[in-house]
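2 protein chains.
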Amino acid sequence: MLLDFKVLAVDKQTKARCGEIQLANCKIPTPVFMPVGTQGTIKTLTPEYLKETGTKIILCNAYHLCLRPGEKIIRHLGGLHKFMGWGGAIITDSGGYQVFSLTGLIKVSDNGVEFQSPIDGTRLFLTPERMTQIQNDIGADIIMAFDECVPYPCEQDRASVAVKRTLNWAERCLSAHKNKQQTLFGIVQGGVFKELRIECARNLTEINFEGYAIGGLSVGEGSFLMNEVLDYTVEYLPNDRPRYLMGVGFPTDILDAVERGIDMFDCVVPTRNGRNGCAFTSTGKIKILNSQYKEDAKPLDEMCGCYTCQNFTRAYLRHLFMANEILGLTLMSLHNIYYFQNLMQETRESIKKGAFKDFKTNFLLKQSETSKN
Amino acid sequence: MLLDFKVLAVDKQTKARCGEIQLANCKIPTPVFMPVGTQGTIKTLTPEYLKETGTKIILCNAYHLCLRPGEKIIRHLGGLHKFMGWGGAIITDSGGYQVFSLTGLIKVSDNGVEFQSPIDGTRLFLTPERMTQIQNDIGADIIMAFDECVPYPCEQDRASVAVKRTLNWAERCLSAHKNKQQTLFGIVQGGVFKELRIECARNLTEINFEGYAIGGLSVGEGSFLMNEVLDYTVEYLPNDRPRYLMGVGFPTDILDAVERGIDMFDCVVPTRNGRNGCAFTSTGKIKILNSQYKEDAKPLDEMCGCYTCQNFTRAYLRHLFMANEILGLTLMSLHNIYYFQNLMQETRESIKKGAFKDFKTNFLLKQSETSKN
Numbered sequence: 536m537l538l539d540f541k542v543l544a545v546d547k548q549t550k551a552r553c554g555e556i557q558l559a560n561c562k563i564p565t566p567v568f569m570p571v572g573t574q575g576t577i578k579t580l581t582p583e584y585l586k587e588t589g590t591k592i593i594l595c596n597a598y599h600l601c602l603r604p605g606e607k608i609i610r611h612l613g614g615l616h617k618f619m620g621w622g623g624a625i626i627t628d629s630g631g632y633q634v635f636s637l638t639g640l641i642k643v644s645d646n647g648v649e650f651q652s653p654i655d656g657t658r659l660f661l662t663p664e665r666m667t668q669i670q671n672d673i674g675a676d677i678i679m680a681f682d683e684c685v686p687y688p689c690e691q692d693r694a695s696v697a698v699k700r701t702l703n704w705a706e707r708c709l710s711a712h713k714n715k716q717q718t719l720f721g722i723v724q725g726g727v728f729k730e731l732r733i734e735c736a737r738n739l740t741e742i743n744f745e746g747y748a749i750g751g752l753s754v755g756e757g758s759f760l761m762n763e764v765l766d767y768t769v770e771y772l773p774n775d776r777p778r779y780l781m782g783v784g785f786p787t788d789i790l791d792a793v794e795r796g797i798d799m800f801d802c803v804v805p806t807r808n809g810r811n812g813c814a815f816t817s818t819g820k821i822k823i824l825n826s827q828y829k830e831d832a833k834p835l836d837e838m839c840g841c842y843t844c845q846n847f848t849r850a851y852l853r854h855l856f857m858a859n860e861i862l863g864l865t866l867m868s869l870h871n872i873y874y875f876q877n878l879m880q881e882t883r884e885s886i887k888k889g890a891f892k893d894f895k896t897n898f899l900l901k902q903s904e905t906s907k908n
Numbered sequence: 536m537l538l539d540f541k542v543l544a545v546d547k548q549t550k551a552r553c554g555e556i557q558l559a560n561c562k563i564p565t566p567v568f569m570p571v572g573t574q575g576t577i578k579t580l581t582p583e584y585l586k587e588t589g590t591k592i593i594l595c596n597a598y599h600l601c602l603r604p605g606e607k608i609i610r611h612l613g614g615l616h617k618f619m620g621w622g623g624a625i626i627t628d629s630g631g632y633q634v635f636s637l638t639g640l641i642k643v644s645d646n647g648v649e650f651q652s653p654i655d656g657t658r659l660f661l662t663p664e665r666m667t668q669i670q671n672d673i674g675a676d677i678i679m680a681f682d683e684c685v686p687y688p689c690e691q692d693r694a695s696v697a698v699k700r701t702l703n704w705a706e707r708c709l710s711a712h713k714n715k716q717q718t719l720f721g722i723v724q725g726g727v728f729k730e731l732r733i734e735c736a737r738n739l740t741e742i743n744f745e746g747y748a749i750g751g752l753s754v755g756e757g758s759f760l761m762n763e764v765l766d767y768t769v770e771y772l773p774n775d776r777p778r779y780l781m782g783v784g785f786p787t788d789i790l791d792a793v794e795r796g797i798d799m800f801d802c803v804v805p806t807r808n809g810r811n812g813c814a815f816t817s818t819g820k821i822k823i824l825n826s827q828y829k830e831d832a833k834p835l836d837e838m839c840g841c842y843t844c845q846n847f848t849r850a851y852l853r854h855l856f857m858a859n860e861i862l863g864l865t866l867m868s869l870h871n872i873y874y875f876q877n878l879m880q881e882t883r884e885s886i887k888k889g890a891f892k893d894f895k896t897n898f899l900l901k902q903s904e905t906s907k908n
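Chains as they are written, first to last, in this note's numbering: chain G, 536 to 908; chain U, 536 to 908.
It is worth saying that the hints were derived from the structure and are not from the lab. A couple of the hints might just be wrong.
Said to hold, decoys possible - Subject to a maximum C-alpha distance of 35 Å in a straight line, what follows is the list of computed DSBU-like cross-link-like pairs (lysine-lysine):
| no. | chain 1 | residue 1 | chain 2 | residue 2 |
| --- | --- | --- | --- | --- |
| 1 | G | K617 | U | K562 |
| 2 | U | K578 | G | K829 |
| 3 | G | K833 | U | K901 |
| 4 | U | K888 | G | K607 |
| 5 | G | K833 | G | K541 |
| 6 | U | K892 | G | K578 |
| 7 | G | K892 | G | K562 |
| 8 | U | K541 | U | K888 |
| 9 | U | K607 | G | K822 |
| 10 | U | K895 | U | K578 |
| 11 | U | K888 | G | K829 |
| 12 | U | K562 | G | K833 |
| 13 | U | K541 | U | K715 |
| 14 | G | K617 | G | K607 |
| 15 | G | K607 | U | K617 |
| 16 | G | K822 | U | K578 |
| 17 | G | K829 | U | K586 |
| 18 | U | K829 | G | K607 |
| 19 | U | K541 | U | K617 |
| 20 | G | K822 | G | K541 |
| 21 | U | K888 | G | K617 |
| 22 | U | K578 | G | K820 |
| 23 | G | K887 | G | K901 |
| 24 | G | K820 | U | K586 |
| 25 | G | K829 | U | K713 |
| 26 | G | K578 | U | K895 |
| 27 | G | K715 | U | K829 |
| 28 | G | K547 | G | K713 |
| 29 | G | K729 | G | K887 |
| 30 | U | K547 | G | K833 |
| 31 | G | K822 | U | K617 |
Stated by the list, open to error - Sample of chain U residues with no beta-carbon within 10 Å of chain G, all distances over it, derived:
| no. | residue |
| --- | --- |
| 32 | P582 |
| 33 | L866 |
| 34 | F898 |
| 35 | S903 |
C-beta: ideal position from N, C-alpha, C; glycine also.
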């Protein structure tokens, strides 16, 4: 499907921009953060609470969902939105990243990837055609091309082979894509090699996708190299299509990427850190098990409007974590996602007002206030 | 505090009765089911969802809360209602049952109980005075006397000693009780020995409590013996005070006890079974991991109005359990508590209409429909 994407404002000092993606069920303001619901659930949260965080779109993993419960079951039950009771939008990752990072014995060829199911040991063969069909069945609003993701560090030769394969697979995904209510995005690979990234971006643009993701980053190369890759890669992506930086990240990484023209983000950080007892706040991170919060009657963040901060103290949250109570995981995840969504909203507003740089500087300054914790 | 308890209707064929307990924050219709929030949280549920199940009052454990986070912290933070963000009523168990069932090395004397903290190994000494002070600090609406609970089976001599101690401790709890905004209940012990139960009930009534619990049941004696104990014990408890059967139970046990004049119940069954993948429904129990639910598009219970049944299929719930996703525990717990609260509401209505016996018979018949699962 042709994607209805509008750029509404572009920052004068940076490449930061703010826009809107119109999908079947909802309008997505960009830059947008997409919480990760790998297995068809944002861990510990009901769709109702997820909606209350301001989340409009989530990322699920076609790779995990095809292994369990299987894409045919999801299709039989009316598609992923209905299956998981989520009224917002969904994007599915094709599984390139998962196949290369989560499984042990894999065999990659130009045709596809052979590996063992981590669930039951079955030998599986994933091809661009198969991953597209799986995503067609699952029925997300946006689906991703199947790509080859290389680790960091990685020899240029190996990264070059992966780029060629990724381009070939991207074309095969486009041909295989049958569910025209869904929008297909291409993925730029190329490691930290400028000529490879540019080659990949140029060729993908020629194939012509409705949106472009930058994959294979945030895999250990560090913020400096990541930002460098973004700087030159974004130049070769069309202005009238959304740009999605996959798997990123921490608030500062997100702001760095927004500054470089990125529109979409996904990351497990707010939920995973929440479950590990780490809360993001307007003055820095809080590790809730720290004994200093034992009798602390304050909410996690006095500036926060989330359900957790409106109803519970740090002392209670600490108690829940000390006592291994699941409600602690739920309340921290909810808060952290709300925090990320609020950050994105403030980011969008600052871009509209032409004040993104000030906003970012101010944000970084405030973060240091409790960074000693 | 004097307890405002009214009996509104008594069944003509049985001792079942329906009434109302007026507490500071809310009116509790009886017979009432109280979900268990041992550590100051109904496992996996936010207070908001708990309220949506129709829950008006919950049971928390003073024993666990004094070990962690400590009653002084709860008091410092404004009492347990505020600490856990629960706007309904709370009853705290004194810990008699926990001390005798959960800890290994204990030394009981007439003065109190000496044992090791299961959390950090500290030697602790709990007395009736100390457990009353702890409950005064925690600040629940209703608190329980500290009792000695004997196991099943148990020699009559040992049960007799425990009854004498329980009576002596009950008087000491009453003298020690300082927070007059709270109501103190006495607990009838006596194992399965008629003369001991009657002795205990008579003497407690003479001491004069605002409500009476029957403890030491549902510890392995089985439904037949439990009902027998209820039959003769309830006779010796005043009609104008609420009667609370501690730690019970399954729906059929609850209806048996309602029939014998019991007004209050608490049990971990809806939450624990929910976390174990077992749902209560109007046609019997469902074990959600059963492969027959793999593609089942129906809700857990088509007759149920809970959030889970209004939004999710059995297939999705099964997927969450297969994938070890916490949301599954939350949704099943929520459904089960709703089921129990709905059962209690139907029970109350049937008593008001003078149709309790028919309601019970009908309930038991419907239960068998999916009992093969």
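Starting from K833 (chain G), check that the Cα of K901 (chain U) is at most 35 Å away, please.
Violated, at about 50 Å.
Given hint K541 (chain G) paired with K822 (chain G) - CA-CA distance at most 35 Å
violated (39 Å)
Straight-line Cα separation of K888 (chain U) and K607 (chain G) no greater than 35 Å?
violated (49 Å)
Distance restraint between K541 (chain U) and K715 (chain U), which requires alpha-carbon spacing of 35 Å or less
At roughly 20 Å apart (the allowed maximum being 35 Å), K715 (chain U) and K541 (chain U) satisfy the hint.
Run the distance test for K547 (chain U) versus K833 (chain G): straight-line Cα separation, threshold 35 Å.
violated (54 Å)
Keeping to a limit of 35 Å between CA atoms, is the pair of K829 (chain G) and K713 (chain U) held or broken?
Holds - the C-alpha atoms of K713 (chain U) and K829 (chain G) are around 26 Å apart, at most 35 Å.
Restraint check for K541 (chain U) with K617 (chain U), where alpha carbons must lie at most 35 Å apart:
The hint holds at about 28 Å.
Take the C-alpha atoms of K617 (chain G) and K607 (chain G), compute the straight-line distance between them, and say whether it is at most 35 Å.
holds (14 Å)
Between K607 (chain U) and K822 (chain G), is the straight-line Cα distance small enough, at 35 Å or below?
holds (23 Å)
Per the stated criterion, does the least C-beta distance between P582 (chain U) and chain G lie above 10 Å, as a non-interface residue requires?
violated (7 Å)
Hinted pair, alpha-carbon criterion (35 Å max): K822 (chain G), K578 (chain U). Please report holds or violated.
Since the Cα atoms of K822 (chain G) and K578 (chain U) sit roughly 22 Å apart, the hinted pair holds (cutoff 35 Å).
Can you confirm whether the C-alpha distance between K562 (chain U) and K833 (chain G) stays at or below 35 Å?
holds (31 Å)
Violation of the numbered hints given earlier is confined to hints 1, 3, 4, 5, 6, 11, 15, 20, 21, 26, 28, 30, 32 and 33; the remaining hints are satisfied by the structure.
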